Structure formats: structure tokens, C-alpha cells
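Visitor: Can you make the complete structure from the sequences, with help from the hints?
Residue numbers (UniProt numbering), protein chains in the order written: chain A, 1 to 284; chain B, 1 to 284; chain C, 1 to 284.
These are calculated hints, taken from the structure and not from any lab test. Everything numeric in this text was worked out from a predicted model, so none of it was measured. Note that the Cβ used here is the ideal one computed from N, Cα and C, for glycine as well. One thing to keep in mind: the hints can contain errors.
Taking beta-carbon pairs under 10 Å as the criterion, some of the chain A residues facing chain C (in silico) [as the list claims (entries may be wrong)]: (1) Lys-133; (2) Thr-222; (3) Ser-225; (4) His-244; (5) His-246; (6) Ser-248; (7) Ser-254; (8) Val-258; (9) Glu-280.
Beta-carbon label-pair distances, calculated as ranges [to be verified]: (10) Leu-190/B - Lys-103/C: 28 to 38 Å; (11) Asp-170/B - Gln-253/C: 47 to 57 Å; (12) Asp-130/B - Ala-166/A: 28 to 38 Å; (13) Lys-211/B - Met-169/A: 24 to 34 Å.
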Amino acid sequence: MFPYLQEINKFPYHDYRVMPHGCYYSPALVSGERYRLPAQQRLTFVLVHGSWADAHFWDGVAAVLRSHGHAVYTPEYAGHGIDPNKDVTHAMITKSVVDFITKLNLCNFVLVGHSFGGTVIQKVAEQIPDRIKRLVFWDAFVLKDGESVVDEFPAQMRKSFELLRAGSMDDTIMLPFPLFRDFFVNTATLEEAKQMYASVTPEPAKPLFEKLNLKAFYALSTPKSYLYFYQDNALPQGEGFGWHPHMSIRLGQSRLIVGDGDHFTDSRTRPAMLAQKFYEAGRD
Amino acid sequence: MFPYLQEINKFPYHDYRVMPHGCYYSPALVSGERYRLPAQQRLTFVLVHGSWADAHFWDGVAAVLRSHGHAVYTPEYAGHGIDPNKDVTHAMITKSVVDFITKLNLCNFVLVGHSFGGTVIQKVAEQIPDRIKRLVFWDAFVLKDGESVVDEFPAQMRKSFELLRAGSMDDTIMLPFPLFRDFFVNTATLEEAKQMYASVTPEPAKPLFEKLNLKAFYALSTPKSYLYFYQDNALPQGEGFGWHPHMSIRLGQSRLIVGDGDHFTDSRTRPAMLAQKFYEAGRD
Amino acid sequence: MFPYLQEINKFPYHDYRVMPHGCYYSPALVSGERYRLPAQQRLTFVLVHGSWADAHFWDGVAAVLRSHGHAVYTPEYAGHGIDPNKDVTHAMITKSVVDFITKLNLCNFVLVGHSFGGTVIQKVAEQIPDRIKRLVFWDAFVLKDGESVVDEFPAQMRKSFELLRAGSMDDTIMLPFPLFRDFFVNTATLEEAKQMYASVTPEPAKPLFEKLNLKAFYALSTPKSYLYFYQDNALPQGEGFGWHPHMSIRLGQSRLIVGDGDHFTDSRTRPAMLAQKFYEAGRD
Chain A
1 MFPYLQEINK FPYHDYRVMP HGCYYSPALV SGERYRLPAQ QRLTFVLVHG SWADAHFWDG
61 VAAVLRSHGH AVYTPEYAGH GIDPNKDVTH AMITKSVVDF ITKLNLCNFV LVGHSFGGTV
121 IQKVAEQIPD RIKRLVFWDA FVLKDGESVV DEFPAQMRKS FELLRAGSMD DTIMLPFPLF
181 RDFFVNTATL EEAKQMYASV TPEPAKPLFE KLNLKAFYAL STPKSYLYFY QDNALPQGEG
241 FGWHPHMSIR LGQSRLIVGD GDHFTDSRTR PAMLAQKFYE AGRD
Chain B
1 MFPYLQEINK FPYHDYRVMP HGCYYSPALV SGERYRLPAQ QRLTFVLVHG SWADAHFWDG
61 VAAVLRSHGH AVYTPEYAGH GIDPNKDVTH AMITKSVVDF ITKLNLCNFV LVGHSFGGTV
121 IQKVAEQIPD RIKRLVFWDA FVLKDGESVV DEFPAQMRKS FELLRAGSMD DTIMLPFPLF
181 RDFFVNTATL EEAKQMYASV TPEPAKPLFE KLNLKAFYAL STPKSYLYFY QDNALPQGEG
241 FGWHPHMSIR LGQSRLIVGD GDHFTDSRTR PAMLAQKFYE AGRD
Chain C
1 MFPYLQEINK FPYHDYRVMP HGCYYSPALV SGERYRLPAQ QRLTFVLVHG SWADAHFWDG
61 VAAVLRSHGH AVYTPEYAGH GIDPNKDVTH AMITKSVVDF ITKLNLCNFV LVGHSFGGTV
121 IQKVAEQIPD RIKRLVFWDA FVLKDGESVV DEFPAQMRKS FELLRAGSMD DTIMLPFPLF
181 RDFFVNTATL EEAKQMYASV TPEPAKPLFE KLNLKAFYAL STPKSYLYFY QDNALPQGEG
241 FGWHPHMSIR LGQSRLIVGD GDHFTDSRTR PAMLAQKFYE AGRD
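Guide: What follows is the structure, given as C-alpha cells:
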């Protein structure tokens, strides 16, 4: 018998969507005073988005980071966003980011890669290691030397992607909404999911299937962090798959930061949480 | 040397037991205004309890869900609650739930199974798939075709259950308090643990040892969610065992929602948290 | 397109460092009333620190526990703290703790071991089992019979430790700051990391490499708890390594408590959270 406890059930359920996990109030706040943020070390961030996304993916988190005094750059790479050409290779994508960085002569920055963006920062780091202060992989692929992205998929997921690819006219893969809903925005409301899906466009397939030579990456001594969100189910969370610890462990010595988000939702609904986690992953 | 930091240690420790994980306050709240809950999509829930429980297991969470406008049904199945007959099979248990649903002509509902209840909703879904909007497994068994519940136990736990079964007069298993305390209500106070244990009665043993034919289940395309609480230690959390990802992965494409509860405690102490997680797992 | 949502980004980011994970406010607090702590069962704690630490590691958490009415003892063992002799064995360390307990005639206490301290409480429990109410392993080694601490390290980490040992004049291992930063205080600010590192001294190497006979430990029926912090990356979190579930599972029936901390930081920055988790792990 589990009796109904009125005092518990009457308790209002508050909105935690806009606030970061682990965001606790202080007595000052309760008594109505304004909370003063502790000064943050000023950093430069270069944020590299993943598949089915473009530079606008970072609009929310970049705004928060800038409000804390950080410099933020969000390169958009070949085959994505405003680029009409979808016939791109992984090397072209890497070149987009390297060119962006060298043209602006950026140095001493924290290079963040999300999802597929993990493979991009692996290759960018091989080409311009001396410009990079730290690599941050946020629920991002850390491929082994010689692997492709789809090599990290369970067999059934890989097969789905091969079918989606085969059904395309221009060698792209469009993520059907039900897959996007379950794998990318599982903690979102349906409305949020639809809003985010509205910006999803077909993804060039080739770079997901290319096997990458990563010998140089694994010889780098660049400091590294892995940021893992424990509601991210874009890949299975274990049993030989997944972001963490399956791929994060490949970084060897690195800093782990964990949050409670999923793969896409928090970039839109809790950018302050995401910005704080990027800061924790990126600071000295 | 780790000096004592007075300002930190004086900080009062607040009660988080009644509030959901991730329940953050809003500025409105701090300034004393009442928080208005965002409107929820109206859903119908059918909640299927697990072993050593009956329909009252859901009293708290059902009340919260109803206060949000949802319809909630909590069928009690053969061998449990008010049923004096403990000599039941898994098929009889499934029939109880199917009969409950068809008698009330329920359709388009979210079918939630907890723990052993996962095996029940697997079989119920095989019989009345068209009535079900979505299956939600909350720290619930997702058995492989041909498996029994005890096939998912580590060897030592299985042996304990076999001994408990052998020592019973009526082929039931009574969970000793120390096991209940450690595996089901590890985050509870002792008082809460005792209160919850007071409603525990011997569990029919047979259905836990029956191997289930689940070929039809694995052919269903019903949407599915897995709700995992990371302090739930009723099964080991890995090394080839456990709710997630070990069994959740069997659902294939599905929605993952994660919370910080354990196996039983939150149904009593944080029903608002549980209701919110059910909503997140069950909504469109 | 992910537009910038002004109302979200303007939301202040609050300090959660001093507050425990899951520390939610109550309506009373919001309206300005003081929160009254629920009475806790009075317990006696004996806290056993790990490597690169001494008894002062516990200053913060001990103060909080005492403020709740608990008795707290923090034995410092051979080769650590004020002991100038670094040439110690695991047996000498165990003897330090056993002697401390028997000299004070402590009984019916909760024995907590952190990190390397897990191996110490395993051996202490073998010698004075009747004095111990419960064993609590907090991100602590639970060695198999015949194992050493370094047997639980990934190959590369073990090699690093062997090199550090070989480079020492007195068979100790000094943890370089970059390793300490990444593995022990990953969630800390750089300032906090440096402050904590200031108290780190070379660790006697021998006890980390000694293989321990633990047959008697595995015959004990002492109640056990495992406290796991999910940002603790001192060991890899899976793939055949780690605190939980890899080593925690060796305890067999035990109580699991999970928090969001890392290996060292919270002892200094959130002692109230740590004290609450120790209480949850240690209470009846």
C-alpha cells in the first residue's frame, strides 16, 4: 500500500528546462538579491557543429559565452548551411575549418566539436596543432585510426543509414523526423522538436562513410576534454558502443565533464547550461 | 591541507527528497510569484506495476498525473494485491491486464511497465498492439525471445531466488528486508523503507522463471521509450547486466529519459518527479 | 536555424558549486523561512583517505557531519601526513588504522574508504570485523583477491606510474599537476585545483604495487555500500575498468548511492553534499 501523500503531490512542479543541471540557488537569491557571476577566465572558443546542423546551431550558446566575455567563432563548413554544394569530402570539410581559423589568424583557442564535429576537430588538430589550446569533444566521435563514422554505429543503425543514402538523388541522408525525435531531441517537447527539425537539411553522406587516417592525431599532446550528456542516446550508451566511455577513453589522459542533457535540445533550451559546461571543459 | 571553509559548511542542507531531479526555480518563484505549470498534452496512461507490489504502488504518481489532466489506469494483475490466489502463470498476469484494457475499451494510451511489469507489457503489446500509443519501460525487464526474468540475474542473485523459492510452502518468494533495503529502496530513509516494506507480500515464483516467447514483440513497430533511474541498483548497472543500456538497447530505436531515482523510493517520496518523467517518456 | 532566445540567455547562471547535487529548495525557503534539517540517525564515522592525501582531506566533510550530531574520526596512516617515513607497506598502513580504532576502542562505526582507502578498509575489515557497522566505498578500489591497485589501471596509466616510480629517489610517486588536474579535480576551477595540489606530497609507491590476499574479506557478511560520483574520471568509467560498476559489483549485495562529483574537488567545495551522501550510504 502506497498511500497518497497530499503534501507531496500538491507541491508545484517547476520548470527546469531553461536552467542548467546542478544550478542551485544561493541564500542571496532567495532573499531577492541579484546573484553576481564569478569572473571567468577569458577564453576563445571555436565551435564546430555536427551533421544535420549549421553554424546557427551555436547561436544560443555563443551568445551566452560572449556575455561572459569570451570570444566565440562558429565556422560553417563545406556541404552545410549556406553552401549549395552537397558533394563534399571529409577533407573539404576539414579545409573549411582550417581556412576559417588561419584566415582570422586565431590562436590559443578552445576547439569544440559536437557529434560528427568530433571527427572534424580530430583532422583540424592534425593540421594546425600549435594554434589549439585545448580540444573539447561534446558527445562527439573520437574515431580510431582507419575508422569511419558509420563504423561506430550498431549494425541496424548502419543499415538504416545505408538505405537512406541509397534512396537519395544526390548522395545525401535526410534524417526522418521519428529518428531525429528519438535520437537527437529525446528530452524536448514536441513543439521544440519540430522547431529544431525545421532547420534540418539533408546531410552529405560521403564524409560519414569515409575511413580517416588519424595516426597524426594520436601522436598529438594537445590537452583534451570530453563533455558527456547522460540523456544523449544518439548512439547506444554502452554494450560496446557510445560516446562515453567507449569513445572518450580513446583520448587517454583527458578531463571529463558530465551533464544531464541530450544530443541537440539543450543548445536551444538551456544554452546557459551548455555554455557553463563548455567553460568547465575548456578552462585551464 | 584542506582547511575548513566556514561559509560553505554553514550553508543549510535543503530537502531534495520531495522535489524532482532537475527541478530548478525560476525568477518568478524567487520573487514570490506562483509558478504556472506549462500546459501538458493530455494523455492516457496505463501503469503496470512490478513484483512485490500492487496497484497502490501508483497512488502517488497517478494523483500527480491526474492533477495535470491525464487519465490514469492502474490494473492490478493475477496473483497480486487483492487476488488471494498465488498460483499464477505469466499468461494469467498478461490476461489480467489485457482484460482490464479491453473491458474499459481503452485506446491510444501510453502503457508503462515497471520492473517485472516490463515483461507484462511486452506480452500485452503482442496481443493488443493497435490500442497502444507508446510503450514505456521504467527500469523494466526487456526480455529477449525465449528468456525468463531470472535469466537476467547474476548467478549469485539467481541462486538466492532459487533458495527462497525452495523454502516457500506455496511456490512464492518473499523478499527479505535486507534485500529490499539494498536493491529496491537504497536512497530511502530507514523509516520510508520500513513503511514501503509493510506492503510487500510474497511474490508468485513461477512467472519469474517462465521463459517467454517474444517473437511477436520484436516484430512490433509501436513507439517505445526507456526511462532509467541511475541510482536503481536492483540489477547490476553493467558488466553484462542491468536495465540500461543492457536491456534498453534491445528496444532498438527508442526514446531515452534518465532520472536520479532508485527502484521503488521515488514512487512514494517524489511522485511529482516520477510523473514528470512519465510525461517526458510518454508524450508525442 | 537556432535563433537566439533572449529570455533564456539573460537568465543568470547561479552558483552550484557550494550546494549538493539534488539540493532543491522548499516553498518555505522561497518565502524566506529558515529550513530545518530533518533529524539524522546519530552515527559514528571513521574516514580513511586515499593516496596523495592526509587526514586533512576530511576537514570539511567531518565538520559538516559533526554539525549534524555524528561522531567522526579521521585516522592518518603510515607514510602519509605527519609521518616522515615513506618506506611503508600496505600492512603497515592497515595497522595504523586498526591501531587507531582499537586504541580509541571504537565500535559500531561506519568505515568509509576513499580511492586507495578502499583497499585499506578491505584489510581493516578482515582484522576487526565485529567493530564495523557498515563499510562504505567512495570511488574506492575494491580489489579482487590477489590483486594490486595498479592491476586495475589501464596499461598506459600503469606504465606512467612505473616511470614516475622509477624516477623517484625514495620509491615514491609524485603526481604531476596535469594528471592531478585531469584525473582528480576535473570539475574544479584552476585556482581550486592549485590550492588542493599545494597539499599533495609524494605517495609511497610500494603499497600501490602490492598484491593483496583478500580471501577473508570476501567471506565477510558486513553490510556494504558503494558511493559513486559520476564525474569521477580517476579511472576510466567502463570498457573493463572503473569504480562503478566494474569494482562495485564485487561487493555483491550492497547499497548504491550516486552523486555528481569528481574524485577530490567536492571534499573541498561541497562538503555538505559529501556529508549527505556519506549519511545516505551509512545510515541503517
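Visitor: Confirm or reject each hint.
Guide: We went through each hint and held it up to the structure:
no., hint, in the structure
1, Lys-133, "13 Å, violated"
2, Thr-222, "12 Å, violated"
3, Ser-225, "8 Å, holds"
4, His-244, "7 Å, holds"
5, His-246, "6 Å, holds"
6, Ser-248, "8 Å, holds"
7, Ser-254, "6 Å, holds"
8, Val-258, "5 Å, holds"
9, Glu-280, "6 Å, holds"
10, Leu-190/B - Lys-103/C: 28 to 38 Å, "31 Å, holds"
11, Asp-170/B - Gln-253/C: 47 to 57 Å, "25 Å, violated"
12, Asp-130/B - Ala-166/A: 28 to 38 Å, "31 Å, holds"
13, Lys-211/B - Met-169/A: 24 to 34 Å, "48 Å, violated"
The structure is inconsistent with the numbered hints 1, 2, 11 and 13, although it conforms to all the rest.
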